[in-house]
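Colleague: Go ahead and model the full structure; you've got the sequences and the hints to work with.
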Amino acid sequence: MMKLLTALLLGSFLLPICAKAEADTVVTIRLWHQLMYAHRDVQAEALREFERHNPGIRVESLYRDTESLRSSFQSAAQVGGGPELIYGPSDQVGPLSTMGLLAPLDDLYSADEFKDFDPLSLVKRHGHLYMVGDNVGNHLSLLYNKKLVANPPRTTEELFAQGRAYKNGFYLVWPMQEPFFFVPWVGGFGESFVGPNTEPRLNTPAMKQALAFIRQLKDSGFVPKEADYETANALFKEGKSAMIINGDWSWGDYKKAKLDFGVTRLPLISSTGKWPSPLVSTKGYSMNVNIKPEKLEATRKLLRFLLSEPVQVQFSQAVSTLPSRLSARNSEEVRKDPLLLATASVMEVGTPMPVDPELRAIWDTLRTQYQAVLGGSVSPEQGAENAQAEAIKQIRIMNEITQPDAQASVVKLIALIALVLLAFYIFKKAPLVMRDMMGPQRLAYGFLMPALLTVGLVIVFPFIYNLVISFSNLSLRTFQDWQITGFQNYTAVLMDPQFYTILWKTVLWTAVNIFFHLSLGVFLAILIDQTLPAKPLLRTLLIIPWAVPQYISALTWRGMFNQEFGAINQVLRDYLMMEPVQWLSKPFEAFSACVLTNVWLGFPFMMMVALGGLQSIPKELYEAARVDGANAWQRFWRITWPLLQPVLIPATVLGGIWTFNNLNVVWLVSNGGEPADQTHILVSYVYKSAFDLYRYGHSAALSMVIFGLLLIATLFYLRVQRRYLTKGLK
Amino acid sequence: MKKSASLIVLILFSIFAIFPVWYILAVSFRGDNAFQVVSWALWHEGSSLDNYRTLFTSTLFPIWLRNSVLVSLAVTIIGLAVSATAAYSLSRFRTRGQGMMMVALLATQMFPATMLLLPFYILLAKLELANHFGGLLIIYTSTALPFCIWQMKSWFDTLPKELEEAALVDGCNRFQVFYRVVLPVSGPAMVITGLFQFTTAWCEYAIAAVVLQDPELYTLPVGLKSFQASMATEWGLYAAAAVLVSIPVVILFTILSRALISGLTLGSVKG
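In order, the protein sequence lines correspond to chains L and R.
If you use numbering that gives the first Met the number 0, the first sequence corresponds to residues 0 to 729, in order.
If you use numbering that gives the first Met the number 0, the second sequence corresponds to residues 0 to 270, in order.
Treat the hints with caution; some may be incorrect.
As the list claims (entries may be wrong) - Mimicking BS3-like on lysine-lysine, the simulated pairs with C-alpha atoms at most 25 Å apart in a straight line are:
#	chain 1	residue 1	chain 2	residue 2
1	R	Lys2	L	Lys618
2	L	Lys618	R	Lys160
3	L	Lys534	R	Lys2
4	L	Lys217	L	Lys273
5	R	Lys1	L	Lys618
6	R	Lys1	L	Lys534
7	R	Lys125	L	Lys294
8	L	Lys291	R	Lys125
As the list claims (entries may be wrong) - Restraint-style ranges between C-beta atoms, simulated for each label pair:
#	chain 1	residue 1	chain 2	residue 2	range
9	L	Arg334	R	Ile62	39 to 45 Å
10	L	Ile463	R	Ile62	34 to 40 Å
11	R	Thr253	L	Val432	41 to 47 Å
12	L	Ser344	R	Ile62	42 to 48 Å
13	L	Val506	R	Glu164	43 to 49 Å
14	R	Ile7	L	Leu507	28 to 34 Å
15	R	Pro159	L	Gly445	22 to 28 Å
16	R	Gly96	L	Asn196	56 to 62 Å
Rather than coming from a laboratory, the hints here were simulated on the basis of the structure.
Even glycine gets a Cβ: it sits at the ideal position worked out from N, Cα and C.
Modeller: Here it is as structure tokens:
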């Protein structure tokens, strides 16, 4: 049996290697894309057709969601690999071309043929073409359920009047917390939120008026009190809201759900007489700078095919995208699609989305301040002012290139000394270790070796890598030519007052979680360790939170915390006669929501560990205690608790470390730090610094600081608990 | 009286435990791809098992399932072997640098995982293990090892030494003592570490997403993620897949928990 299993396992690991060897005869082109589900079938169809006409070329297509497309392409391209082509939204061109990871596409077509493309679909930076789009759009519009609304509002005055008169539920929903859904209104008040060179223009009269307007709309009574994307979507689909503001990507899904809906512009701002201006952008193909010369021709062939008129028309027919080629737009199939007529009308008032990396910093700061205004903790005037100041600061930080100074030599000197000391140490100790390994203890060393080697192999390199990076200026602008600069990143981390606030929050987060995990886990383990009816069933039900994939359960919890529709407030209101709690829009409540979710996720694990530990406690001890007249409480504190320590201590230490560094739960439940970046813990700060602002040196230093803090805390804790660990049960 | 109180508490917590799963089930049956729905009903007008059917007929779900089973089982077996031996050595022998090693093991868990992804990828690319199960195996085993070793060591520490001494006197060598005497009474610890290894590999997403670049090699979490896109997630499929993904873990636990709770552990040893 065991042999069979091993053979099976080995076989399936070798399989991929064999498959690779055979593929060498044809040119394989890898394409990473972020097409949404419905679009992938169209692409697969097109690729099949391409392969049929080009037998020497094979295309491997791979889906990655937007974030991971960028970050995994970045990792792969940085070490000289990666797919030949990537397909995604235009804003990834900014960071990727700045890092020097994209090849220019200037000579893909003749100048004449380029004229067939909508200029919006040709994404240029610093005079070179880095992306050619196959469709344009991605814009927001007003969708109305034709069964519920006969005439959608043309102006904001009409919107308010009709909304107040509407009695069948909500009149309008949209993902309220998302700045992307807010900025069209800013344009309607007269000025874009971003200038022609991607400089922030957040402190403008238009911004203040738009912020005041959105707050008025939120308090109008005909929109929900809070709604994220999924809630808004569900309300519209279920007919509980008459209209939704959503992007063109959602149309196909509504068609599939058999909704009868119409598409129109966002209502004209009555006070200015201007249309709100949604951002419009393109999605398209970029080429990897590492592309091998022998694959270049085939790749260009594929590119031209994917961007050709027939393929664009196919996409447009299947999923209603607006082709980037003017010739495709004029084809009969495209012209008769009523949704595309609406697109054309919305595009007339749209603003092209900038592609520079600075936009990311603008989104980030606008998001924080916008949410604060929406929540009522900041006035529109103050919010606009803060956002502008903060955006300028973030952009400066993002583009900063630290120059090496005297500190760099100090760092290098310390590294050299450390290396010499290490070599000396190994040189001195090695013979002793070798002698022991041959000696009577050789089994002990033999048993340790496999663990030591695997852990060593995997952990040493990443650790040293980060250590080196943390002393360097690796960032967006120095991606290819970074240097060791000194302690600047560490100073920046430790001088930042925000670091200490977030550290305190993280410590609190960890302590509260561990307290509940531990107490609930041990409590339930003791309860379930008795003889009870239906014990196996209960035991199984109780570990279910551990078995369900975290991503979906965390998001389900997020849904359950919704102020109006969430299950939790329904229970509070209907059974406990309590006021509904605004779980997700107040900092303290949002933090509690994260804690509750994480307790739910984590208690089964602790229960298991405690249950295992209980089995090692001899039952005679309890009988003896009972004879001596000890009550249940005393028996727990005198016998169970101390004797559980050997298994609970490692579980607590590691549980604490994992909770301290648990990015997922906080990120998902609070939707990336909402409201207004109030729910961050240190790791989400690391994440933000690395992935939003491309400050790799800074985030490595922050990670080293986290590492140091955890190491000190752990050593301290182990010292305090030493008596339990060394004694054990004798 | 005391028992019925315990029972009520346990039932309440079970409801707490499965409550969100109820929603996930409801979403998995729905046909209109809506998440965070307003109603409590498990079955709606238009609900069906279509999402489950689609998973098996027109996605790579069966292949991902096979991949995940293979990777997770391999990680569990290798992980158990490596951690049991290392923990036994740490528990019963005095070797050089032992204390340091115990702390170093914990220290490997302290670095924020976000910053480890890139160096992991570079490392595996250099070893030519990127896009290969071998790469995943090494990383999963070693990231789960610290907990497993500590957990096993704590268990071994609680075992009385007399039995092993008796076996030594009877002429067993050290390895036989470990294999014939210590392991058979370590069921509960092996179950916990085994389950831990299994779920680590079964649920891990971030590393797998960086390492695997071929949909045919995807493990379940990476596969599931392909139903998800920013503001355009296939919630029906995702929820159905999530339900299916949970089932093996639950079954595995149900089978193994007999070993976890069974009285065969120390009674025989204490004598």
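Colleague: Check the structure against each numbered hint from earlier and tell me which ones fail, lowest number first.
Modeller: none
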